[in-house]
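There are 2 protein chains.
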Amino acid sequence: MGIAQTPVPPYYVAVITVERTASDDGYLEMADAMYELAKAQRGFLGMEWVYDAAQRAGITSSYWTDPEAIAAWKQQADHLLAQRLGQERWYRAYTVRIARVERDYHWPT
Amino acid sequence: MGIAQTPVPPYYVAVITVERTASDDGYLEMADAMYELAKAQRGFLGMEWVYDAAQRAGITSSYWTDPEAIAAWKQQADHLLAQRLGQERWYRAYTVRIARVERDYHWPT
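Chains as they are written, first to last, in our numbering: chain A, 1 to 109; chain B, 1 to 109.
Because the hints were derived from the structure by calculation, they are not lab data. Don't take each hint at face value.
Stated by the list, open to error - Derived contacts from chain A toward chain B, CB cut-off under 10 Å, selection only: (1) 2; (2) 27; (3) 30; (4) 35; (5) 58; (6) 104.
Unchecked claim - Cut-off 20 Å, straight-line C-alpha distance, at most; resulting in silico cross-link-like pairs (EDC-like, lysine to aspartate or glutamate): (7) 74(B) to 104(A); (8) 74(A) to 104(B); (9) 74(A) to 102(B); (10) 39(B) to 66(B); (11) 39(A) to 66(A); (12) 74(B) to 102(A).
For every residue, glycine included, the Cβ atom is placed at its ideal position computed from N, Cα and C.
Model the full assembly from the supplied sequences, consistent with the hints where possible.
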């Protein structure tokens, strides 16, 4: 994962925090496919994700121009399938937070 | 890491995305100490973090009542020391994004 190159704020972020089950069956393939699908969506700015296999925990942070783009992504058909598979197979619990980025800073500057 | 139990929005999030150096020297001890320190700050609501040792990447997501609480945390003395140590030793690059959480949802509901 590299740090996403996002524009000057404001823009939007969807932070998804996941507690995973013991199953990795198909998970990484799904995650790669969702990234490719997100990249093709209107308003997509970037995505970062980190997954700790030992802790069974993950955070995905995706960046979007506006909340409508996030809502459209949430309703995208293949993404809905991945969400349902996730609830059945890979996820024990998750929280999604939609937030408006007001400022950001970088190091090295 | 467990999913942070945050109140009904609005609240604030600081998302820190890190590209790490090869050094783990003192890193986990620092991270634990910063969590304990953050918990004692005014306005702290919760923190989640995931670190992938193989990818040398991490995301920390901390939750706060308001942007002033985040600004105060950024200026806290021991935290400043950790930031400087991080730039010298543990971090190759990082981005901090301060955002206002407008909505969140949970599964299982």
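Hint check:
1. Look at residue 2(A): its Cβ gets to within about 7 Å of chain B, closer than 10 Å, so that hint holds up.
2. Given hint, residue 27(A) at the interface with chain B, is violated; its Cβ is 14 Å from that chain's nearest Cβ, farther than 10 Å.
3. For residue 30(A), the shortest C-beta to C-beta distance to chain B is roughly 16 Å, which exceeds 10 Å, and the interface hint is violated.
4. The interface hint given for residue 35(A) is broken, as the beta carbon of that residue sits about 14 Å from the closest beta carbon of chain B, more than 10 Å.
5. This hint holds: residue 58(A) has a C-beta 6 Å from the nearest C-beta of chain B, less than the 10 Å allowed.
6. Taking 10 Å as the C-beta contact cut-off toward chain B, the hint placing residue 104(A) at the interface holds, the least distance being around 4 Å.
7. With a CA separation close to 13 Å, the supplied pair residue 74(B) and residue 104(A) stays within the 20 Å bound.
8. At most 20 Å may separate the alpha-carbon atoms for a hinted pair to count; residue 74(A) and residue 104(B) meet this at roughly 13 Å.
9. At roughly 16 Å between alpha-carbon atoms, residue 74(A) and residue 102(B) fall within 20 Å of each other, so this suggested pair holds.
10. About 15 Å separates the Cα atoms of residue 39(B) and residue 66(B), which keeps this hinted pair within 20 Å; it holds.
11. Only pairs whose Cα atoms come within 20 Å are accepted, and residue 39(A) paired with residue 66(A) is accepted, the gap being roughly 15 Å.
12. About 16 Å separates the Cα atoms of residue 74(B) and residue 102(A), which keeps this hinted pair within 20 Å; it holds.
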